[in-house]
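With the hints as constraints, model all of the structure from the sequences given.
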Amino acid sequence: MSGQPILSARGLVKRYGRVTALDHADFELMPGEILAVIGDNGAGKTSLIKALCGAVQPDAGEIFLDGRLVRFASPREAQAAGIATVYQTLALSPALSIVDNMFMGREIRKPGLAGTLLRALDREAMRAFAREKLSDLGLMTIQNIDQPVETLSGGQRQGVAVARAAAFGSKVIILDEPTAALGVKESRRVLELILDVKARGIPIILISHNMPHVFEVADRIHVHRLGRRLCVIDPKTHTMSDAVAYMTGAKTPAGMEAA
Amino acid sequence: MGETAGSSVQNEPRGQDFEQVLGQSDARLARFEDRPPGLIAALQHGLHGNPTLVPVIVLVVAIAVFGLIAGGKFFSPFNLTLILQQVSIIGILAAAQSLIVLTAGIDLSVAAIMVLMSVIAGNLAVFMGVPTVLALLVAFAGGSAAGLMNGFFVTKVKLPPFITTLGTWSIFFALNLWLSGAQSIRSQDIDRNAPLLKFWGEGFAFFGARVTYGSLLMIAVFLVLWYLLNRTAWGRHVYAVGDDREAAELAGIQADRVLLSVYGLSGFVCAIAAWASIGRVGSISPQSFYEGNLQSITAVVVGGISLFGGRGSILGALFGALIVGVFQSGLRLANVDVLWQVFAIGWLIILAVAIDQWIRKVSR
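Chains A and B, in that order, give the protein sequences. Under the numbering used here, the residues of the first sequence are numbered 1 to 259, in order. Under the numbering used here, the residues of the second sequence are numbered 260 to 623, in order.
Please keep in mind that the hints were generated in silico from the structure rather than gathered at the bench. Quick caveat, the model's predicted, so the values are computed rather than measured. Glycine included, C-beta positions come from ideal geometry on N, C-alpha and C. Just to be clear, a hint being listed does not mean it is correct.
Claimed, not checked - So the derived list for chain B, only partly shown, Cβ under 7 Å to chain A, looks like this:
| hint | residue |
| --- | --- |
| 1 | Y498 |
| 2 | A506 |
| 3 | G569 |
Here it is, written out as structure tokens:
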């Protein structure tokens, strides 16, 4: 990995009352890589990710996107800046169609007055775009793009959420536990999907508890412990037991004091 | 596993050892069956995809049954258009109610807003010499403001819609009694000073039928709202917020802003109903439509719009209002005591919600 990180953070601090969720945490995501973030429960992974995607505002510290200092007041702002997050809950509206969900909040409008004044939708253009994006990612086993999301399987839903994140010129995609709720086979498809997205040059932050999945797709692994980055390891030179040992504190990476 | 990660370069299939058998597994599993076996299940899925079918079917069946019982009297053009007239006010209120219900709310104040606005417009135009058009504009602004007031309490003060509108129902009703001095405005006074207020009660004859402009107005209100809800970005946001507010917000929708607009529009539609009600009733009575709030909820529920939000078409509320009208008219023509009309409507509500629950099971 060379060059400048696309997304980085320095000294992030977040306190909730007397609990310190982030304790001067650092973070770096390089262009084109899949960076896994692992950590025990309560290590502050979620707070770190929430700070990066605008869901919480850190008490101290700085976040840089493309080398520029950024400050997000809401997930909307982070999204507008190009950080798309696929939440564990997926944030899809079950009763609405695949197309509606993909375009939620950034609908294509009809040209002319109907579009600007009434915000009338250009439904054909939306369908065509959604179809294209879904087939790009090999998700067109979905027959009917107008069917409600609740009729899809868990993996298909995940696919729609990832396609939505990848479709709108995002610079960074954050995936929060994308395989946690899925079966063996659907997990496999989602991992393929993650690699597909990476192949398009979009860097991915993958939060996961599933060590085999992390070691399979990640280029680097950020180990979070006690509210800060403990180390970044290379999955090719470390084993899963190393990673688990670091994140639980059973072992300390070389060159560091015991945490 | 870390040590073996390098081997994936040698063109081996990706994945863990235990997953290698997946290559031979049944590929159909990833798809889903479009049509599960069985007629009932097919029906359930059909209704799930198109929830407005239920009220349409009920309406057609009800018309057929009452036509058989009451015969030609029921099917006469006069009676059919009379039903339209009779449901027009509750229908417009049901349209306003639908907007709120689609956001998983409920509005107990729609009829109170309507009556208050008719009293305001009537007093201004009939007794205070304000030009009728101006009086109506005040009513439209007042209706929107009343709706926004509900919306303010729901979004900014975070009160449940039920409680908010229970409170404003009383507030608007009391204001209406105060402004009107609990006095009705007589039909003759309206005719003399502000005949435009009764415009929607006028109409034209049509093969023995009498179509009022008010009936057409109701249908127009529904069509416009249907367009807004189904063909504009705003409408999709309304459904998304009602379906799963948190998901909508994470997708970048400003839920509070959407809700405020929904409450404001709903109040505006109540003001439309206020104007139409003056033509329908003929006079302006502060005591009228006291049950209008609940009747509008009945129409919405019978029309298959889910009280849990985000599901159902606003056209369902039109069919719901018509179903109630057809039941009342049919039972009356069949000389059934009024109490049995009430009885039948009660069962309709229970049946409608039971069907809604059954349809929603599809997704589980």
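Hints and how they fare:
no., hint, result
1, Y498, "6 Å, holds"
2, A506, "4 Å, holds"
3, G569, "5 Å, holds"
This entry satisfies every hint, going by the numbered hints stated previously.
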